[in-house]
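**Student:** So you can see what is in the structure, the chains are spelled out below.
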Amino acid sequence: MSGIIKKISMLRTGSKLERSKKSLRARSSIVLRVYRANKAIGDSAHYDTFDVPIQRWTTVLDALLYAKSYKDTSIGIRYSCRMASCGSCGMKINGIPRLACYTNVSELESGVISCEPLTNFPLIRDLVTDFHQFFSHHKSVRPYIINQNADLRDRKELSEFIQSPREVDEYLQSSYCIKCGLCYSACPTVATDTKFPGPQALAQAYRYSADTRDTGSREDMKTIDDKHGIWRCHFAGSCSSVCPKGVDPALGIQLLRGHMMSFSKHNKKIAELKHHSHGNQTT
Amino acid sequence: MRTSNRRGLFKTAEEDRNNREGLKGWLNPSRYGWERVSYWLQRLTGLFLLIYFIGHIYETSSLTGGAGAWNAMLQFTETPWGHLFLILVIGTSTYHSTNGIRLIFTEAGRGLGRPGRPDYPYDALSLNYRQKSGIWIALILAAVAMFYGGNVLFGGD
Numbered sequence: 001m002s003g004i005i006k007k008i009s010m011l012r013t014g015s016k017l018e019r020s021k022k023s024l025r026a027r028s029s030i031v032l033r034v035y036r037a038n039k040a041i042g043d044s045a046h047y048d049t050f051d052v053p054i055q056r057w058t059t060v061l062d063a064l065l066y067a068k069s070y071k072d073t074s075i076g077i078r079y080s081c082r083m084a085s086c087g088s089c090g091m092k093i094n095g096i097p098r099l100a101c102y103t104n105v106s107e108l109e110s111g112v113i114s115c116e117p118l119t120n121f122p123l124i125r126d127l128v129t130d131f132h133q134f135f136s137h138h139k140s141v142r143p144y145i146i147n148q149n150a151d152l153r154d155r156k157e158l159s160e161f162i163q164s165p166r167e168v169d170e171y172l173q174s175s176y177c178i179k180c181g182l183c184y185s186a187c188p189t190v191a192t193d194t195k196f197p198g199p200q201a202l203a204q205a206y207r208y209s210a211d212t213r214d215t216g217s218r219e220d221m222k223t224i225d226d227k228h229g230i231w232r233c234h235f236a237g238s239c240s241s242v243c244p245k246g247v248d249p250a251l252g253i254q255l256l257r258g259h260m261m262s263f264s265k266h267n268k269k270i271a272e273l274k275h276h277s278h279g280n281q282t283t
Numbered sequence: 001m002r003t004s005n006r007r008g009l010f011k012t013a014e015e016d017r018n019n020r021e022g023l024k025g026w027l028n029p030s031r032y033g034w035e036r037v038s039y040w041l042q043r044l045t046g047l048f049l050l051i052y053f054i055g056h057i058y059e060t061s062s063l064t065g066g067a068g069a070w071n072a073m074l075q076f077t078e079t080p081w082g083h084l085f086l087i088l089v090i091g092t093s094t095y096h097s098t099n100g101i102r103l104i105f106t107e108a109g110r111g112l113g114r115p116g117r118p119d120y121p122y123d124a125l126s127l128n129y130r131q132k133s134g135i136w137i138a139l140i141l142a143a144v145a146m147f148y149g150g151n152v153l154f155g156g157d
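Quick mapping for you: the protein sequence lines, in order, are chains A and B.
Each residue of the first sequence is one higher than the last, beginning at 1 in my numbering.
Each residue of the second sequence is one higher than the last, beginning at 1 in my numbering.
Wrong hints could be hidden among the right ones.
Okay, derived cross-link-like pairs now, BS3-like style, lysine-lysine, Cα gap no bigger than 27 Å in a straight line [as the list claims (entries may be wrong)]:
id, chain 1, residue 1, chain 2, residue 2
1, A, 227, A, 139
2, B, 24, A, 71
3, A, 245, A, 139
4, A, 39, B, 132
5, A, 139, A, 222
6, A, 222, A, 179
7, A, 227, A, 195
8, A, 222, B, 132
9, A, 179, A, 71
10, A, 222, A, 39
11, A, 39, B, 24
12, A, 68, A, 139
13, A, 227, B, 24
14, A, 71, A, 39
15, A, 195, A, 222
Cβ-Cβ distance ranges computed for the label pairs, FRET-style [to be verified]:
id, chain 1, residue 1, chain 2, residue 2, range
16, A, 163, B, 28, 27 to 35 Å
17, B, 58, A, 95, 52 to 60 Å
18, A, 225, B, 76, 43 to 51 Å
19, A, 146, B, 59, 50 to 58 Å
20, A, 146, B, 24, 33 to 41 Å
21, B, 59, A, 166, 25 to 33 Å
22, B, 137, A, 147, 53 to 61 Å
Here are some chain B residues the structure puts well away from chain A; computed CB gaps all over 12 Å [stated by the list, open to error]:
id, residue
23, 27
24, 63
25, 124
26, 125
27, 147
Quick caveat, the hints were computed from the structure, so don't treat them as lab data.
Note that CB positions come from ideal geometry on N, CA and C, so glycine has one too.
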């Protein structure tokens with residue numbers, strides 16, 4: 001059943017690409033609407049429009065950089081890698097959070113492209129937002145491996161952690177997070193609750209909880225098991241639909257919640273048992 | 001790390017609501033697919049049922065005033081608008097309960113599949129056909145219940 005649905009969605013994606021190519025052939029330029037605001041100098045919010053020539057390969061970031069180079073150098077924009085690895089150029093493009101470098105102009109199928117700063121992030125200027133809140137939440141879930149026994153200086157037997165491919169698969173996709181903040185911007189709970197850690201932080205909590213190398217329990221942490229924590233997620237799924245790296249935060253959050261409610265197997269216990277059995281064999 | 005005594009754009013992260021979408025964030029369900037529509041409908045139907053529940057308590061409490069008071073209260077729903085309101089109650093309660101059952105399983109980590117290695121175009125595993133089927137079943141059941149209710153209420157005797 002899932003295979004059939006996947007094939008149908010691939011066909012739809014293919015026809016969508018064909019349509020976007022056809023629409024692009026008829027279009028050699030687009031109108032770029034860029035949100036402008038600089039509260040520091042009392043500049044009120046407004047939109048500036050720019051005519052930008054496009055090619056088949058033009059991304060929204062390319063279009064913005066063209067406007068910045070040849071039309072208005074004062075456009076505030078943050079970017080770096082241009083290949084969807086750094087997560088710097090997240091913004092709302094035609095109302096949906098996307099990476100500007102990862103969004104081809106042709107796939108938007110529109111002659112007017114609107115660029116706005118990511119919502120739910122404090123605005124600094126134009127398309128640039130403040131990620132301080134976001135990273136505070138990220139840090140609050142202790143996004144690193146906690147293993148009290150992993151003192152590699154004295155305990156040579158722990159110099160490597162053995163994991164099966166299946167154990168790696170449990171957390172691998174969550175580890176692809178580039179912290180671009182698109183999920184945080186799309187989340188309706190983040191929109192109303194500043195204390196909610198957000199999909200990114202909770203997905204990272206799952207990522208380390210599911211890692212068999214980690215022995216620290218995150219479920220008892222106040223930021224997660226709290227009325228503003230994981231229980232505020234109501235599975236709107238928007239975080240997963242906008243994620244450019246296939247992290248699927250909604251999946252991680254639901255699995256972590258199932259684990260906290262003891263609906264799923266205790267992976268940590270299994271890992272500890274394996275670790276002890278492995279240790280007994282080597283000694 | 002920023003300190004907590006910063007002002008303006010740089011005030012404490014926990015207090016800063018600048019550029020938050022607020023209620024607009026969930027009042028517009030059109031941008032993110034069926035799961036977001038389902039989330040929106042679940043909330044709206046929940047609020048509607050809460051209002052209905054308060055009204056229902058008020059209505060049934062009229063029983064303490066005797067049969068006359070109860071019959072007078074019933075007259076409110078004996079009009080076409082009253083019938084339409086009751087049909088809406090039938091539809092919202094059916095959708096809310098059916099979709100709620102789906103969410104009980106989903107929010108416990110069931111029906112989502114196992115995490116794996118994502119491939120381009122990175123379709124989210126959690127937004128799978130099981131979830132979409134659940135949403136559609138809830139919508140269809142609500143429509144059928146409303147149709148049946150309408151038939152009973154407006155069908156006459």
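**Student:** Tell me, in ascending order, the numbers of any earlier hints that this structure violates.
**Tutor:** As far as the earlier hints go, 2, 4, 8, 9, 10, 12, 16, 17, 21, 22, 23, 25, 26 are violated by this structure, in ascending order.
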